[in-house]
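*Asks:* Given next are the chains, with one letter for each unit.
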Amino acid sequence: GAGVSQTPSNKVTEKGKYVELRCDPISGHTALYWYRQSLGQGPEFLIYFQGTGAADDSGLPNDRFFAVRPEGSVSTLKIQRTERGDSAVYLCASSPGLARYNEQFFGPGTRLTVL
Amino acid sequence: GNSVTQMEGPVTLSEEAFLTINCTYTATGYPSLFWYVQYPGEGLQLLLKATKADDKGSNKGFEATYRKETTSFHLEKGSVQVSDSAVYFCALSDNYGQNFVFGPGTRLSVLP
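Quick note, the sequences are listed as chains A and B, same order. Under the working numbering, the letters of the first sequence match residues 1 to 115, in that order. Under the working numbering, the letters of the second sequence match residues 1001 to 1112, in that order.
FYI, nobody ran anything at the bench for these hints, they're computed from the structure. Check each hint, because a few of them may be wrong.
Unchecked claim - Distance condition first, Cα-Cα at most 20 Å in a straight line; then the derived SDA-like pairs of lysine to any residue: (1) K11(A) / L39(A); (2) K11(A) / T1065(B); (3) K1056(B) / E103(A); (4) K1060(B) / N102(A).
Since we're looking at a predicted model, the values are computed, not measured.
Build the full structure now, drawing on both the sequences and the hints.
*Replies:* Written out as structure tokens, the structure reads:
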């Protein structure tokens, strides 16, 4: 079956612009995670959804970052007034339930470059 | 807060050598522990996991034992292959499957 998909695969934008990154999880997975991975680092947790609600958004670095999952499936990560430091690979993962017991399935990521 | 520390890479081994990648953690409560692997050109995928103390996770010849007394989850394989070349990430989650924390990753290169 289809895995987790993310679009676009690459996004180049200018400092100060607004961007949206999309994640399509595996059908039926209730849990959805967003991470940010900088070069040579491990993924850094941003936000976790259980269904439509953000169960934990403690990893969002500041109020320029926001994510939604209005129907409990597709999620969009939104970044306002982008900065050069936002450049990274943004990863999405989904899980059939609590990731404590269930495997997270990762998408290929969106590489964001802020010029 | 929770944290994960891994041995720094890169690690370069000859085929059939023994592999250990050290991982230690700091966490409150009873976290679950994971090893994820990223093969060249591919996304992250789960390699193995352990959800309570003394559990041993195993997959594809890799093993790791959840040691609460030493707060460790070291990855081992008795005989590595060239196809094991990848970046390995140790990770933990809290009791609720939240607060996922990944280590920085260890790059393994296996030479024929």
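*Asks:* All hints are to be evaluated individually against the structure, with a verdict given for each.
*Replies:* Going down the list of hints, with the structure as the test:
1. Our distance criterion of 20 Å between C-alpha atoms is met by K11(A) and L39(A), whose separation comes to about 16 Å.
2. Restraint check for K11(A) and T1065(B): not satisfied, since their Cα atoms lie roughly 40 Å apart, outside the 20 Å limit.
3. Taken as a hint, the K1056(B) and E103(A) pair is honoured in the structure, with Cα atoms around 16 Å apart against an allowance of 20 Å.
4. Of the pairs offered as hints, the one joining K1060(B) and N102(A) holds, with about 18 Å between alpha carbons and a cut-off of 20 Å not exceeded.
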